[in-house]
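A.B. asks: Please construct the entire structure, taking both the sequences and the accompanying hints into account.
The UniProt record's numbering numbers the first residue of the sequence shown as 1 and each following residue consecutively.
Misleading hints may appear alongside valid ones.
DSS-like cross-link-like pairs, simulated, lysine-lysine; straight-line CA separation at most 27 Å [to be verified]:
1) K189 <-> K179
2) K14 <-> K62
3) K76 <-> K38
4) K166 <-> K38
5) K220 <-> K166
6) K189 <-> K14
7) K62 <-> K87
8) K82 <-> K38
9) K3 <-> K14
10) K76 <-> K3
11) K168 <-> K220
12) K66 <-> K149
13) K66 <-> K81
14) K47 <-> K168
15) K38 <-> K3
16) K149 <-> K87
17) K179 <-> K62
18) K189 <-> K149
19) K47 <-> K66
20) K14 <-> K38
21) K62 <-> K3
22) K166 <-> K14
23) K87 <-> K3
24) K220 <-> K3
25) K38 <-> K220
26) K179 <-> K166
27) K168 <-> K189
Hints listed in this document are in silico derivations from the structure and should not be mistaken for laboratory results.
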Amino acid sequence: MPKRILFVFTSVDKTLTGAQTGWYLPEAAHPYYILAPKYDIDFAAPKGANPPVDESSVQNFKDDVKFLEDATVKQKLANAKKLSEVKASDYDAIFYVGGHGPVIDLAVDPVNIQLASEFFRSGKVTAAVCHGPGALVGATDANGEPIFKNRSATSFSDLEEEQVGKVKDIPFLVESRIKELGGRYEKAKEPWQAHVVRDGNLITGQNPASAAGIGEAIDKALSETA
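C.D. replies: Following this line, the structure appears as structure tokens:
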């Protein structure tokens, strides 16, 4: 039986300023095509079916549009489970796709916080890229401490957020929040460069350039366990 991975998407389609948003295309496409040949992958979102894609990511990453046109992917998106229907025990890993949305809905969703905490406490791979780590800020370890506390992690940096002009679109900056929670935040030397950090079963990627790398890191982590 292949191991099973749950890809979690945002259900939010607007930022705090009313700008269109959603999940970020390459941050789903790149890890998916690395992992799909070896693993069973299900999709989920707070509201379930057809989570909204960030239209700017479709414009900026035209090479990844094949993901949206892929018949298998279309079916998975159309049949995306509601997070409330998901059992952590059915999966070996959870992965949070980025886009500004997760910082708005997943960060404060009690169902998501419980689910992420269950994955992490079970020692299962708990992974996220770009703004995806924002979905983990409420999750806690077996001691009830934030999962970022005293652990190394990355995410979309505050500088990158300033450069895209989206600071007012989201309720908090992910880098700053990880630091506030006691995390050892790391990032690439220059904005927009790939950077993936693994600390035990917590795997995080900084930005869209890190999406392939996080897929590879999830694969490596899953291949280490029976």
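A.B. asks: For each hint, tell me whether it holds in the structure or not.
C.D. replies: Structure-based check of each hint:
Proposed proximity of K189 and K179 is supported: the alpha carbons are some 18 Å apart, at most 27 Å. Straight-line distance between C-alpha atoms of K14 and K62 comes to about 22 Å, which keeps the hinted pair within the 27 Å bound. Among the hinted pairs, K76 with K38 is consistent with the structure: their alpha-carbon atoms are about 17 Å apart, no more than 27 Å. Our distance criterion of 27 Å between C-alpha atoms is broken by K166 and K38, whose separation comes to about 36 Å.
Of the pairs offered as hints, the one joining K220 and K166 is violated, with about 33 Å between alpha carbons and a cut-off of 27 Å exceeded. For the given pair, K189 sits about 31 Å from K14 by alpha-carbon distance, which is inconsistent with the 27 Å threshold. Restraint check for K62 and K87: not satisfied, since their Cα atoms lie roughly 34 Å apart, outside the 27 Å limit. The hinted pair formed by K82 and K38 meets the criterion: a straight-line CA distance of about 24 Å does not exceed 27 Å.
Among the hinted pairs, K3 with K14 is inconsistent with the structure: their alpha-carbon atoms are about 34 Å apart, more than 27 Å. Between K76 and K3 the alpha-carbon distance is near 17 Å, which keeps this suggested pair within the 27 Å criterion. Among the hinted pairs, K168 with K220 is inconsistent with the structure: their alpha-carbon atoms are about 36 Å apart, more than 27 Å. In summary, the hint linking K66 to K149 is not supported, as the alpha carbons are separated by about 38 Å, beyond the 27 Å threshold.
Restraint check for K66 and K81: satisfied, since their Cα atoms lie roughly 22 Å apart, inside the 27 Å limit. Among the hinted pairs, K47 with K168 is consistent with the structure: their alpha-carbon atoms are about 24 Å apart, no more than 27 Å. Simply put, K38 and K3 have alpha-carbon atoms about 8 Å apart, close enough for the 27 Å limit, and the pair holds. Taking the CA atoms of K149 and K87, the gap is about 25 Å. The hint holds against a cut of 27 Å.
Distance restraint check for K179 and K62: the Cα-Cα separation of roughly 34 Å exceeds the 27 Å cut-off, and the hinted pair is therefore not satisfied. For a cut-off of 27 Å, the pair hint linking K189 to K149 stands: about 23 Å separates their Cα positions. Proximity of K47 to K66 is assessed by CA-CA distance (about 24 Å); at most 27 Å being required, the pair is judged to hold. For the proposed pair K14 and K38, the alpha carbon gap of about 34 Å is over 27 Å, so the pair is violated.
Among the hinted pairs, K62 with K3 is inconsistent with the structure: their alpha-carbon atoms are about 30 Å apart, more than 27 Å. Our distance criterion of 27 Å between C-alpha atoms is met by K166 and K14, whose separation comes to about 12 Å. With a C-alpha separation of about 15 Å, the suggested pairing of K87 with K3 holds against the 27 Å cut-off. Simply put, K220 and K3 have alpha-carbon atoms about 13 Å apart, close enough for the 27 Å limit, and the pair holds.
Proximity of K38 to K220 is assessed by CA-CA distance (about 12 Å); at most 27 Å being required, the pair is judged to hold. Among the hinted pairs, K179 with K166 is consistent with the structure: their alpha-carbon atoms are about 20 Å apart, no more than 27 Å. Taken as a hint, the K168 and K189 pair is honoured in the structure, with Cα atoms around 25 Å apart against an allowance of 27 Å.
Violation of the numbered hints given earlier is confined to hints 4, 5, 6, 7, 9, 11, 12, 17, 20 and 21; the remaining hints are satisfied by the structure.
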